[in-house]
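K.L.:
Letter by letter, the chains look like this.
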Amino acid sequence: MQDFRNRLFIVTVILGLAFLVLGSRLWYLQVLKGEEFAKFSLENHIRVERIPAPRGRILDRYGKELVINRTSFDIYVIPKDVKDVPYLSVSLSQILNLDTGQIEKDINSALKKKSFKPLLITKDINRDQLAYLEARRSSLPGVIIEINNLRQYPHGVLGASFLGYIGKVSVAELENNSKVNSNDLVGKTGVEKGWESSLRGDDGYKQKVTDALGREVESNLFQEDLQNKKSLPGNDVLLTIDIELQRAAEEVLGNEAGAIVAVDVNTGEVLALASNPSFDPADFIKGIDSKTWSNLVNDQSSPLLNRATQGLYAPGSVFKMVPSVAALNEGFINEEESVYCPGYYKSGNSTFRCWKRGGHGWVNLRSAIVKSCDVYFYKIAEKMGINNLSKYMTAFGYGSITDLGIEERAGISPSREWKQKRFNKPWYKGETIVSAIGQGYVSVTPLQVTMMTAAVANNGKLLKPALVKEIVSYDREEKFKHAPIVSGNIPVQKRMLDLVKDAMVGVVNDPGGTGSGARLKDMTVAGKTGTAQVVSLDNRSDKKKHMDHAWFTSYAPAEAPEIAVTVLIEHGGSGGAVAAPIAKKILEVYKKLKEQREADDNV
Amino acid sequence: MIMFDRRLIKNFGWFLFLMTLAFSAISLLNLYSASYETGLVSFKKQFVWVGIGIVTLAFVSFLNCKLLNRYAIYIYGFSLLLLLFVLVFGKEVAGSKSWIDIASIATIQPSELVKIAVIIILAKFYDDDYQATPYGFLDLIKPVILIAIPFILVMLQPDLGTAVTILLIAGSMVLFMGVKKWSVAFILIVVLGVSFYSWHYSLKPYQKDRIRTFINPSSDPLNAGYNSIQSQIAIGSGGVTGKGLRSGSQTQLRFIPAQQTDFAFSVLAEEWGFLGSIFVLLLYFTIILWMLDASSRAKDKFSMLVCFGVAAMFFWHVVVNVGMVIGLLPVAGVPLLIFSYGGSSTLTAMIGIGIVLGIRMRKFPMQGEAIDLG
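Chains Y and Z are the protein sequences, given in the same order.
Offset between the first sequence (1-based) and the working numbering: plus 809.
Offset between the second sequence (1-based) and the working numbering: plus 217.
Hints may be right or wrong, so weigh each one.
Pairs of lysine-lysine residues, derived as DSBU-like cross-links and limited to a Cα-Cα distance of at most 30 Å, are as follows [what the hints assert, rightly or not]:
id	chain 1	residue 1	chain 2	residue 2
1	Y	K889	Z	K308
2	Y	K921	Z	K314
3	Z	K262	Y	K922
4	Y	K889	Z	K261
5	Y	K1310	Y	K1238
6	Z	K308	Y	K922
7	Z	K262	Y	K889
8	Y	K892	Z	K518
9	Z	K262	Y	K892
10	Y	K932	Y	K892
Short, incomplete list of chain Z residues facing chain Y, as computed with Cβ under 10 Å [claimed, not checked]:
id	residue
11	M372
12	F393
13	S400
14	Q447
15	G453
16	Q467
17	F502
18	L509
19	K518
20	G544
21	P547
If you want the footprint, here are the derived chain Y segments under chain Z, 3+ residues with CB under 8 Å [stated by the list, open to error]:
id	stretch
22	816 to 825
23	841 to 847
24	887 to 894
It should be emphasised that the hints constitute simulated quantities derived from the structure, not laboratory data.
Remember, it's a predicted structure, so these values are computed and weren't measured experimentally.
Virtual Cβ for every residue (Gly too), placed ideally from N, Cα, C.
Next comes chain Z alone, as it looks inside the complex (with noise of 0.2 Å):
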């Protein structure tokens, strides 16, 4: 049950949270110059979500993570069963299906959502384990097989991006907890061979074709590489200061792409500059490291890992999406957490964000748990 303390209002994680307000401000901000010639629909409902976002923020921020450990399964569980459900009655879109509409009103990605559940089932799991050594492969077995099944799951959508993000994630808490060199190099033969061989033997065509697709979008009208010239192109011409806010040519005459989901980076380098995608990067920075931090300062093992798997979660979809937006790597559908619009994306980014700040509150002992320990 949760016991409410003032201890927790006096720890509450305000730097983050008020971090975290600015930042959806911004966000919001690059999305109504975005979204403006659309008639500024996704940035009304950005708006709405960033506010539901808050308030699961906050709600999940208050309760004990202790409920997490307790119910990790559970929430493994029931995240499987959205991504199954998804693939039979999902809807399509854009070749995937990876979204339930919900009343026609709204639609929920699962496949974002589940990254939560993966790093609260891998904290789980070592959380559970007590060895000291680095990990061998075959003590790895159970851990790789709970990231195999919803790397599957979301794979056979197929939604590339997202998958190789739960890769991403998983792996670096795989490796942040320590596995035998010997293992890594194992593990990295039989991806890479799997891979190789599921592309040339076991993929059909137009799997192929779904999975280029992911890796070179085809809203690309004219040619290959469109996407990623006109946002380098938007990027670039931003200068220093930045051409204004709706001033972006390339954003107002839609010439970047996806430039309210994917490539919303893209709207806020060109229209804000150097100055304006530097302070937003660095804002991400102070995050990752905030959470960090709080992983280095959380009591048990558990709140440890989860702390960090958020971190981490960040840490790539900042790397993937900007990497992808300034031409650094292949395009490929990741979105910028918070910063592009998506409800789910944004619903994870927050739900991330409450679980640290409720393990960072509860840092020192508190009353009712004393008692709940023994």
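Same shape as in the complex, but just chain Y (with noise of 0.2 Å):
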């Protein structure tokens, strides 16, 4: 037995050994590293709730709520909470209008692959549907209601063209923005895209306490450790717009393709910017499904384009003022000399015929933009070549976007310097003889000749448009007021100046001008009329595609001009006879409104 009490002792130091390194990892574990696995247990229980914040409202110049929030009840069912699966597939698709077999399979194939992540039943309920739902909730575990924001637009479809949509965050647009999380929804045109940043909340966080499942516990064992934000709602950005203005702007279009932007010639605040056809904003509020979105980009009609900023045109005769200032104020011409319009003109060996086969006969600097005669135009660009025009086509913004904060396209202010670079070839006179009529390489945006016009009713200066008027915080703290900003001031003498204006008065109001469709009996409109050529490749049989498009450019009231109008009509034909009462109509509105608003300050 002796032999055995020695073995005996062997065995205790194995023993003792094997303790120790079971004690020794422990005191690894608890009393060396204790503080970092004590870091780690609470992470473990620990879950951040994203509370997503509102995005801010977008109202028109007086308040007029354009795009608002509303909340949305979406419906999850967490797979390991449910007790009774057929039982809540049939209640759930009986409240909800749903399928049942494929609620069933969903939450059968989440237990499957033990999915612990909130499964998505429906979004957006209606109030019955959340009622029925919250009564009946205690016997149906396991299904969770979640509160979200989602855009309203109670216009309807007013405005879309310059509000835009929203839709799931890209991945480039993540990197650049640490407030936005992977499937929110951001501004992807328009004001929600330009006023992205104003518009996004700050999203606040709850901590929860959650076990090993990742479920919510209710004890308060674990309270201490927990920490909360509030959401912060995104800032109102305040439009310039006058929704009555954009309504009836969008309602005189009609079904015409076309664009009208009103601008205050004074500010630079655009009234309204109608554009259409245009698209409806709601199908974008939970973002937009595919086919909707198919159609919406293969349309040949384009909605998405907003024509009022991005649509490219050749301004035809409404360009007129341009050659008229440049000429006038470089010396080329005075308001006297006359040019013998026979119908056409002829330079070398080419020769530009005038709109009026007949000819103006002896046409001066009013005559010829009154009856908007092109023989004249002919004769001054010739003169005072393309460099003094290109000059004078940049000093009036052509060529560059206004910068208004929304897609817009810059268009072309042709110059021997631009055709060098673009084409490598030099510049021809015929082409400066046809840019003076605003054809040719001449594409302009309708904003950019309201802005042309605007100048010129202002006595020179070029004004950056504005769309936003004033920023304000969810807790009233002003963040943006708009002031006028000049972009440049238009090299021209006032007394010169005047002369065009005169002129454009005359366009409209006198016998025989070709915007006497715009003639208002209580206020002095002043325009420009506009017929310009299309030059189509494509040789569609469509008759449509080929006609003129028709604009007409004003403000008024010419004494103290207060409004700058455009009208673009898509192959309209004449912009004398289908523009022009487009823009009058605008006008009588915006008097109209102006009267009213008068009167309600008074009352």
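If you follow the hints, you should be able to join the two separate chains into one complex; please do so.
P.N.:
Okay, here's the thing in structure tokens:
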């Protein structure tokens, strides 16, 4: 037995060593690494739940709501927490009008995958459904109602082209903005995009204690570890738009493709910015479905194009203000000097036709503008050359964006350098001649034309157009207030500009003026018509596609200008016949709204 | 027959008995905390099991261990029958047929109880054998068969953890009795060869899956190693003094897997810290030492070996279980005796302690025995 006693001694040593190893490991885990593991255990059971902040509202200049938020109730199911899958599926499908089999299938497949993520059943249920569901909630364990914010458009499609739409954030947008999370909806176009950083709120969060399955625990055992942060709604953006004028503009456009721009000539504030055809921003509220999206993108009428700021057109005769100002100021003409218009103009071997085949006879600057004689402008263009002309085109803002803050295109203000760079070819005299009547390479947006007219009306200040009047935080703190910005002064003497303005009054009010369709009884309107030839490269048999674009640009009242209105109707035909009467309607509404508002103020 | 002698009371191992009671109290307190969030169901059941265990312990300690020697073959045979029974009629839990349902009130796990039978039958083998020199391979054929039968039956359930524990306990006893060096090497080669062959050629995929399941339990919902990581976070975050009773976030929010059974030690370490876990380890150490001491004082070979076997059983359960929860050994379903919730393992531990107590209090020759010996 002594032998065994010796062996027992060895066994005791082994026993001691084994316990030493276990004890050392405990020392390492609990004493040496204790604090580190304590941190792990804290992070283990705290789940951060984001509280999405509502986007700011978009309002018109008088505070009328254009884009607001509403609460949506989204239904999720935590598969693990469901007690009776078939019963829950039947109940949910009855309340929410959904397919029983589909719900059951989804829950079972989530269970099979051991997924702990809440399973989306449906988004945005209505109030009745919510009431039913709330009433039966206790008998339906596992159902979660999540509250979200969705965009709402009280005026429907009105102003969609500049308000823009929202959509799921892209990878690139995610990288540039720390406030955005994947799956968030962000502004994709228009004001929603341009003022995204103002509109976006600051998301809050709520920390919750969860058990190992990720389920929220009601216990107040570990509450002291928690932190919360409130969500802050985004700023409200007050636009310069008058939604009533906008409504009038969209109504008069009717089914015609085109654009209407109305701007305050003294401040550059855009009062109306209509583009037709347009889209329904409501389609984008929850993220657009692919079918609706592809329909919009493939639509031949380009509903997603904002024609007022992105549509590029030959301006035709509305452009004639530019050569007029240029030639007057550079001393190539004076108001007296007359030109004989036989209906055509010869330069070298080329013949350029006036729109009036029979010719206008003797015309001076005023009558050339009033009657829109082309030959007069061919002549002065040839006289002053492209360098002088393009200098004034640039001064009026052509060839560069106005920096409105939404999608815009710069268009083309042609010059020798431009042509050399673009086509690597010299400039020809004939190209100067057609440029003077707004044809050839010249391409402009309706907004640019309006800003030109405004600059004429306010005696030479090219204003930066504004779409946003004010930005106010959710707690009424003013973040931004618009003040007019002069982006350039037109180099012209007031005396000379007065000549052009007087001619523009004549266009509308003189007998034989091309813009008589815009004449108003109790307000003097000044304007200029344009009928731009369409050089269509496609040989579509559609006759409409080859019709001229109808333009009319105007300001009023002529004595103390307040508003500039430009109308463009794609393939509308004659500017005087089609566009001028539309501008007249807008000006009428403008005047009526103004009088109404003054009357209201007096009360 | 049982002769009652006043010396039995006098020589009763009060120290071990009181320690067992104290230990049971600590384990119940720990289980109270671990099962609080689930309505104390397992705490209440374990309370009953500990009660039954202590009564069994007292009963067993008053049995003369000569009876165990005499009926060793019947005890062994009965436990093998139970193992066969469980394979046929057993209740399947988590992929293993290890449980016998007794009238739907309780389930018992014969594979736990069979450990005691293996200890007794091995002690009986060596007691009958008078060889003095180390055992060679041929001398060991009989004990190897005695170990192999229950081992294979448990593997068939399959319950790898318990099977390996049986092997470790029996192996310790065989090594303790002495084995020739070459035989040790030969047995090792055979065991490794058979395991390798069966893993690659003989086991069906689902069987391998079951074995993998035991190495890395499928209760693991997130990824491999989740259980071990959560357990170590729990233990580490307990720090020196622990988070306090019912205040361990890992425990109360159920981040610790199987926290009432195999990972009960993690609960203790989280809520009572380094001080608490070392205290319990020292209790185990003392209990095992006490058993080895009883072994060294035993008056015959059978008693000595039985005490040694029970000590080995406690030792291996502590090493494999604690080693697993502190991340030193792979996750395998081996409970911490008395500490883990489970009737069969608690009963097994109590019977083991009872046998050792019984041997210890009969270390002096007694009246009746002298007659009996004649």
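K.L.:
State for each hint whether it applies.
P.N.:
Hints versus structure:
1. Y:K889 / Z:K308: 26 Å, holds
2. Y:K921 / Z:K314: 24 Å, holds
3. Z:K262 / Y:K922: 34 Å, violated
4. Y:K889 / Z:K261: 27 Å, holds
5. Y:K1310 / Y:K1238: 28 Å, holds
6. Z:K308 / Y:K922: 27 Å, holds
7. Z:K262 / Y:K889: 27 Å, holds
8. Y:K892 / Z:K518: 59 Å, violated
9. Z:K262 / Y:K892: At roughly 26 Å apart (the allowed maximum being 30 Å), K892 (chain Y) and K262 (chain Z) satisfy the hint.
10. Y:K932 / Y:K892: 23 Å, holds
11. M372: 25 Å, violated
12. F393: 6 Å, holds
13. S400: Since chain Y brings no Cβ nearer than about 17 Å to S400 (chain Z), farther than 10 Å, the hint is violated.
14. Q447: 7 Å, holds
15. G453: Holds: closest Cβ of chain Y sits about 3 Å from G453 (chain Z), inside 10 Å.
16. Q467: OK, holds: Q467 (chain Z) within 10 Å of chain Y, min 5 Å.
17. F502: 5 Å, holds
18. L509: 6 Å, holds
19. K518: 8 Å, holds
20. G544: Because about 8 Å separates G544 (chain Z) from the closest Cβ in chain Y, which is inside the 10 Å limit, the hint holds.
21. P547: 15 Å, violated
22. 816 to 825: With 6 residues closer than 8 Å to chain Z, the stretch 816 to 825 of chain Y meets the three-residue bar; holds.
23. 841 to 847: Contact hint for the stretch 841 to 847 of chain Y vs chain Z: holds, 6 residues under 8 Å.
24. 887 to 894: Answer violated; 0 residues pass the 8 Å Cβ test.
Comparing the model with each numbered hint stated earlier shows that hints 3, 8, 11, 13, 21, 24 do not hold.
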